[in-house]
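Remember, the working numbering sits 4 above the position in the sequence shown when you count from 1.
Treat the hints as calculated values from the structure; they're not laboratory data. There's no promise every hint is true.
To be verified - In silico lysine-lysine, BS3-like type, Cα no more than 30 Å apart, as pairs: (1) Lys159 / Lys6; (2) Lys96 / Lys216; (3) Lys147 / Lys103; (4) Lys159 / Lys216; (5) Lys159 / Lys96.
Stated by the list, open to error - So the derived label-pair ranges between C-beta atoms look like this: (6) Lys96 / Ala126: 20 to 30 Å; (7) Arg180 / Asp240: 11 to 21 Å; (8) Asp166 / Asp236: 32 to 42 Å; (9) Gly110 / Asp240: 29 to 39 Å; (10) Met5 / Asn215: 22 to 32 Å.
Think of the CB as a built atom: it goes at the ideal place given N, C-alpha and C, for glycine as much as any other residue.
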Amino acid sequence: MKNTLGHRATIGILVPGRNTTVQPESDDMRPVGVTNHVARMINIGVPPGAGADFKIGQYALDMEGAIDAVKLAGIDIILLGHSHDSFEGGLKGGTAFEKELSDFAGMPVLVPSLAYVAAVKAMGLKRVSILTPYLTADDDLVKSFFESAGCTVVKMKALQYDTGHAIAQTPADVIRASLAALDGPEVDAILQVGTNLPTARISNEAEFWLNKPVLSVNVVGYWHTLRTLGIDDKVDGFGPLLRDY
5 MKNTLGHRAT
15 IGILVPGRNT
25 TVQPESDDMR
35 PVGVTNHVAR
45 MINIGVPPGA
55 GADFKIGQYA
65 LDMEGAIDAV
75 KLAGIDIILL
85 GHSHDSFEGG
95 LKGGTAFEKE
105 LSDFAGMPVL
115 VPSLAYVAAV
125 KAMGLKRVSI
135 LTPYLTADDD
145 LVKSFFESAG
155 CTVVKMKALQ
165 YDTGHAIAQT
175 PADVIRASLA
185 ALDGPEVDAI
195 LQVGTNLPTA
205 RISNEAEFWL
215 NKPVLSVNVV
225 GYWHTLRTLG
235 IDDKVDGFGP
245 LLRDY
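Work the whole structure out from these sequences, hints included.
Structure, rendered in structure tokens:
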């Protein structure tokens with residue numbers, strides 16, 4: 005029997021403990037009859053004995069514990085509201101990562117990188133610029149992912165934050181200026197990754213003064229989740245993807 009408020013779908017969303025952007029942006033995009041249910045992934049740190057090459061990411065976040073917690077809500081699907089780790093290993097790595105989480109959950113767990121693959125395919129995008137909040141070194145794995153997915157990455161800009169809180173505190177004017185710096189006649193669209201960077205609403209306004217699509221990772225992830233559920237509602241105010249596709 006379906007929930008009264010979530011009679012169309014109930015979506016579980018996993019977010020890092022310090023992330024304060026995914027939840028409000030997702031709730032703003034929620035169609036009537038769909039409810040969102042957030043579980044926070046606690047940072048468990050670097051395991052004892054880890055070598056110098058250990059990557060902080062999926063192994064340092066308690067994803068499995070968060071999955072177990074959010075499943076208590078009787079959800080229909082889970083969206084990972086954390087993009088960095090889903091870019092590891094290119095398209096092959098992202099696919100394996102999504103399968104690993106889905107197998108553990110016993111239900112679909114969608115990851116942001118593969119949501120972006122679906123989005124650029126739906127919109128026919130090939131040449132993109134990318135805004136990230138990461139340190140410059142982390143941009144290499146993002147670029148490699150999109151190239152493995154068939155895109156040409158024309159430009160990248162890293163805001164170079166080293167904490168999640170700093171990402172969430174980014175002023176809107178900084179985001180606008182960064183998107184403008186990534187524009188060019190050879191660019192089909194500008195993409196933004198890093199789920200704590202508050203860009204969902206800005207992506208909608210930027211489309212008009214840049215005269216091209218601007219895609220925010222939280223919009224892309226939520227769009228992909230709705231469409232995977234078979235919910236085709238067009239939602240205005242968050243850019244062309246959720247409005248037109």
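Consistency of the hints with the structure:
1. Proximity of Lys159 to Lys6 is assessed by CA-CA distance (about 46 Å); at most 30 Å being required, the pair is judged violated.
2. Between the alpha carbons of Lys96 and Lys216 the distance comes to roughly 29 Å, so the proposed pair stays at or under 30 Å and holds.
3. Between the alpha carbons of Lys147 and Lys103 the distance comes to roughly 22 Å, so the proposed pair stays at or under 30 Å and holds.
4. Simply put, Lys159 and Lys216 have alpha-carbon atoms about 15 Å apart, close enough for the 30 Å limit, and the pair holds.
5. Our distance criterion of 30 Å between C-alpha atoms is met by Lys159 and Lys96, whose separation comes to about 23 Å.
6. The hinted window of 20 to 30 Å between Lys96 and Ala126 holds, with their beta carbons roughly 21 Å apart.
7. Taken as a hint, the range 11 to 21 Å holds for the pair Arg180 and Asp240, whose Cβ atoms sit roughly 20 Å apart.
8. For the pair Asp166 and Asp236, the beta carbons lie near 40 Å from each other, so the given range of 32 to 42 Å is met.
9. Judged by the Cβ atoms, the range 29 to 39 Å given for Gly110 and Asp240 holds: they are separated by roughly 35 Å.
10. For the hinted restraint 22 to 32 Å between Met5 and Asn215, the CB-CB distance of approximately 48 Å leaves it violated.
Violated hints, in rising order: 1 and 10; the structure is consistent with all others.
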